Amino acid sequence: MTDRVAAEPQEAWRPSSVQLERDEWRRRRTIRSAAIAAGSTLFLLGAIGGAVVSSPGWDRVRETYFSWDKAVSSFPAVLDGLWLNIRVMVVCWILILLLSLTVAVVRTLRGPVAFPLRLLGTAYVDVFRGLPLLLVIFLLGFGGPALSLQGLPTSPLFWGGAALVLSYSAYVAEVFRAGIESVHPSQRLAGRSLGLSYGQTLRHVVLPQAWRRVIPPLMNDLVSLQKDSGLIAVLGVTDAIRKAQIETALDFNYTPYVVAGVLFCCLTIPMARLTDRYARKKGYHGAGGHL
Amino acid sequence: MSTPRHSPPPLRSPEQRRGDPATSELLSLKSVRKCFGDNVVLRDVDLTVEPGQCVVLIGASGSGKSTLLRCVNLLEVVDDGVITFDGRDITDPRVDGDDVRSRMGMVFQAYNLFPHLDVIGNVTLALRLVHDVPADEARARGLAMLERVGLAEKAKARPDDLSGGQQQRVAIARALVANPRLMLLDEVTSALDPELVGEVLDLLTELKGEGVTMLLNTHEMGFARDVADRVCFLHDGHIHEQGSPEQVLGDPQQERTRTFLSRIRAS
Numbered sequence: 000m001t002d003r004v005a006a007e008p009q010e011a012w013r014p015s016s017v018q019l020e021r022d023e024w025r026r027r028r029t030i031r032s033a034a035i036a037a038g039s040t041l042f043l044l045g046a047i048g049g050a051v052v053s054s055p056g057w058d059r060v061r062e063t064y065f066s067w068d069k070a071v072s073s074f075p076a077v078l079d080g081l082w083l084n085i086r087v088m089v090v091c092w093i094l095i096l097l098l099s100l101t102v103a104v105v106r107t108l109r110g111p112v113a114f115p116l117r118l119l120g121t122a123y124v125d126v127f128r129g130l131p132l133l134l135v136i137f138l139l140g141f142g143g144p145a146l147s148l149q150g151l152p153t154s155p156l157f158w159g160g161a162a163l164v165l166s167y168s169a170y171v172a173e174v175f176r177a178g179i180e181s182v183h184p185s186q187r188l189a190g191r192s193l194g195l196s197y198g199q200t201l202r203h204v205v206l207p208q209a210w211r212r213v214i215p216p217l218m219n220d221l222v223s224l225q226k227d228s229g230l231i232a233v234l235g236v237t238d239a240i241r242k243a244q245i246e247t248a249l250d251f252n253y254t255p256y257v258v259a260g261v262l263f264c265c266l267t268i269p270m271a272r273l274t275d276r277y278a279r280k281k282g283y284h285g286a287g288g289h290l
Numbered sequence: 000m001s002t003p004r005h006s007p008p009p010l011r012s013p014e015q016r017r018g019d020p021a022t023s024e025l026l027s028l029k030s031v032r033k034c035f036g037d038n039v040v041l042r043d044v045d046l047t048v049e050p051g052q053c054v055v056l057i058g059a060s061g062s063g064k065s066t067l068l069r070c071v072n073l074l075e076v077v078d079d080g081v082i083t084f085d086g087r088d089i090t091d092p093r094v095d096g097d098d099v100r101s102r103m104g105m106v107f108q109a110y111n112l113f114p115h116l117d118v119i120g121n122v123t124l125a126l127r128l129v130h131d132v133p134a135d136e137a138r139a140r141g142l143a144m145l146e147r148v149g150l151a152e153k154a155k156a157r158p159d160d161l162s163g164g165q166q167q168r169v170a171i172a173r174a175l176v177a178n179p180r181l182m183l184l185d186e187v188t189s190a191l192d193p194e195l196v197g198e199v200l201d202l203l204t205e206l207k208g209e210g211v212t213m214l215l216n217t218h219e220m221g222f223a224r225d226v227a228d229r230v231c232f233l234h235d236g237h238i239h240e241q242g243s244p245e246q247v248l249g250d251p252q253q254e255r256t257r258t259f260l261s262r263i264r265a266s
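Sequences listed follow chains V and Y, in order.
The first sequence begins at 0 in numbering that gives the first Met the number 0 and counts up one residue at a time.
The second sequence begins at 0 in numbering that gives the first Met the number 0 and counts up one residue at a time.
Isolated chain Y, as found in the complex (with noise of 0.2 Å):
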């Protein structure tokens, strides 16, 4: 490990964050490519996402998403490119993965729980294990952020007693429990039933308020058109169109992403 392990800086306020001049950019990808064998699911891949933003990804299912957003978390292995987050360049192979995942939080479609510890556990098993917080102390933070997410009096319940939202919203609070620099959603309301989704991007719009970077992808497009700073169109592993939600989802320049939002609207 070339670098020590360090807790990132506390949660700042909004304008704290964007008044951030140093960084302009927290995570940027350059043609990154990935493949599964003969597949290539990523190409040509280009995104930035600054301080403080919310960067939605939207496009079918396929289209290299949920691969984008592992690559980032560097649970997969590009195949070419560069993707730099915090000004490493976290693809280079001598860089310590677990550290670079450390600063980050993600949040899986399927919650991915830990079923054999409780709530507590969960959102703590990180704080104890990687970022060195004494016990006490970790309860306590992860008690506050259960708190936060609305689920304080769950704390020593189980993941397979609670209801799916529920669940999501316990695993962004262990994604969130550490102050990450950048928040990886991987559709995370696509497990829930229509009443449950609602709990769970209210959350996503308060921690948006409160200055928290996200990189998502979402089949939400009311989600992406309120909460969204940038939207990107995805369609067979590559960017096809991005910027502003008004622009992509209201006024798309491409065939293809017109094509798109008509077969999601008429669904």
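With the rest of the complex left out, here is chain V (with noise of 0.2 Å):
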């Protein structure tokens, strides 16, 4: 019952004279697309940069939004505003992760006895994926301090982060449902079959295959999350979006926002490479073959 490869004879293989054309073909035609794919891109570019540029009000613009002395002036500033979304971002999306995950769990278990659960899990989501972000900051970020709630803190930050948590849990708690429904019910069946109890069929064969197949929308709504931390600069948090806004307000010069936009930038564009490249490293190989 071994299995035997077959142990073919090392014979000298050389491409046939069909396959030679065919390569020499390829390779031409592949120099060929990079030089048409280079020279319409740079004259895209050109055309773009000098109509933008020879436009009447480009110097005002360059001046307002790209002024060097300002984006210098204002960087240490931002960068400092930036650590506290940094901050922000990992703690929330750590609980965001274990309250909706939690969540989504609690919504596809069965039987009677869990019924209550089911409604809790499934009122939360529907309520706070209905409520607008920004309603959910502030009613929390002016409201729960005002209750001085014995054992919770009363800063902005606190109950900012809470409500970024609460309405996000809802988004990703449907995307780990998604997940968790998507992993066929066969692997369920045969976890069971073994003896597995619903639990471990769940945590051993269910959750990693699910978890494997929503890293692209977990990633998607990280970074989203990333920047929706600035929103609770509206509670008066000193982040990169607030400090902008400061240093705006010294002359008028929007410089600062597009510093913050960048650095945004700097830090998802980075992240959603490096999920790619996770995701396919973790990810099945498919049959695609080269199409």
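Quick caveat, the hints were computed from the structure, so don't treat them as lab data.
Bear in mind that the values here come from a model prediction, so they are computed numbers and not experimental data.
We put the beta carbon where it would ideally sit given N, CA and C, even for glycine.
Keep in mind that the hints are not guaranteed to be accurate.
[Claimed, not checked] Looking from chain Y toward chain V, a few residues come up when the C-beta cut is under 8 Å (computed):
| no. | residue |
| --- | --- |
| 1 | N72 |
| 2 | L74 |
| 3 | V76 |
| 4 | R100 |
| 5 | S101 |
| 6 | M105 |
| 7 | L124 |
| 8 | A125 |
| 9 | L128 |
| 10 | Q241 |
[Stated by the list, open to error] Stretch by stretch, here's where chain Y covers chain V in the computed footprint (C-beta under 8 Å, at least three residues):
| no. | segment |
| --- | --- |
| 11 | 175 to 189 |
| 12 | 202 to 214 |
Dock the two chains into a complex; use the hints.
This is the structure in structure tokens:
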């Protein structure tokens, strides 16, 4: 019953003339395509750049949004504010993952005993997906500290973070639930037929597969959170956007906003690339062939 | 959980198994009925499997063979009747289904291996989680079982990188590694190319020789004739005829059985 690998005689293979001709054609076509792409890109960028620069208001636009001196002078303050965004994002993201995974699992529980839990989970998701994030931030950010509840801090940072966690977890819970339900029922059956309990099957069979499938949409939400972490600036928390606002207010030069925007992109774009690589590494090998 | 979970006794020789007078039957179904909505899939099914026996279910697609196996594995809840396994009524709702399933091995038509685990991970998952076997011992037992099915060198491979026949042999190893009292095999060769069917059937024949008790359904009549102790013909959810393979396949008494067999042979 052992698998034998047939030992093929090592023969010298030389590509046939047909194959050589095909390879040569492909090589020529690749060079031509690259040349055309490079040429048309240069032309397009040049045309756009020329049109923008030669337009009548360009000097004022450049001075207001792309002032190098202003960028340099505001950079330290904006970067300092960004550090707060990063901390808020990391802490909130961990909490969001925990809360949303719990809600998603609760919503997939079966049986009448779990009905109240399911109902609670569904109600939570419905309500917090329906509420605009800004409204939740206002509600909790201004209302929360006013309650001065025992044991809870009154800092706007805490309540703003809580608003982000509550609002985002509702979305992310649905991402997780979609992932859980996308795992074929036969996987659950296989787990249960081995004697694994419902929970063991969920933990060791369903969730690992679901997790892998939802990484891209999860990263989408993380990038979104990264930007929305700036919304807590409305509570007076000095994050990157608030810092940029303060810098702008000095002389009504809007370059600090552009600086903040560039910094946000510097965070999100590498993360998107990293995610792609991670997902590809952990993912299944598709049978896509060269198409 | 009412009963303590324990690992079943290790594999015994066929002689030991057959000479076990205390339990003449390992599995018995009495008047089992199963419906999906208005669709009655099993009606009045009576069936027994004795230790060491290989019982083969035959019948057309939709005759209820798979459902029968799934009911025995408690993946489906019966609507009436009693299934007794190892002297216990497992259709009693108070019975711990996980415990019952942990003492059976089920193999599916589409393998249902876990794609996120490697082969050895698939084989040892239940040992570690259900049977509380320490990781290194589970690994040793898993490797021994892979050796047994001829796939020791594939321990680190992912299921997706294996051929269909290899995947099915891994699935059999996964079901067999915890020494189940009963193996349930649901059309385990139906998804395989003809040339791969042989390697799986050969393995089942060897297992039968080692005294593994099996209840399976198949369209491989040659296998049924050579290996089965008893063949049961299902039609429309009912066992219309059962007996030795020579009798059911060679000299069927029922018109329906004859019709089915002639269709199988014509194809």
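Verification of the supplied hints:
Taking 8 Å as the C-beta cut-off, the interface hint given for N72/Y holds, the closest approach to chain V being about 5 Å. Hint status for L74/Y: holds, given a least beta-carbon distance of 6 Å to chain V, under 8 Å. Using the Cβ-Cβ criterion of 8 Å, the hint placing V76/Y at the interface with chain V is not satisfied: the shortest such distance is roughly 13 Å. For R100/Y, the suggested interface contact is upheld, since its CB lies about 5 Å from the closest CB of chain V, less than 8 Å.
Taking 8 Å as the C-beta cut-off, the interface hint given for S101/Y holds, the closest approach to chain V being about 3 Å. Hint status for M105/Y relative to chain V: holds, with the closest Cβ pair at about 4 Å, below 8 Å. Below 8 Å, beta-carbon pairs count as interface contacts, and L124/Y has one with chain V at about 6 Å; its hint therefore holds. Residue-level restraint check for A125/Y holds (minimum Cβ-Cβ distance to chain V is 4 Å; threshold 8 Å).
For L128/Y, the suggested interface contact is upheld, since its CB lies about 5 Å from the closest CB of chain V, less than 8 Å. Residue-level restraint check for Q241/Y is violated (minimum Cβ-Cβ distance to chain V is 25 Å; threshold 8 Å). Counting residues of the segment 175 to 189 of chain V whose C-beta lies closer than 8 Å to any C-beta of chain Y gives 4; at least three are required, and the coverage claim holds. Restraint check on the segment 202 to 214 of chain V versus chain Y: 5 residues with Cβ-Cβ distances below 8 Å, three needed, restraint holds.
The structure shown violates the earlier hints numbered 3 and 10.
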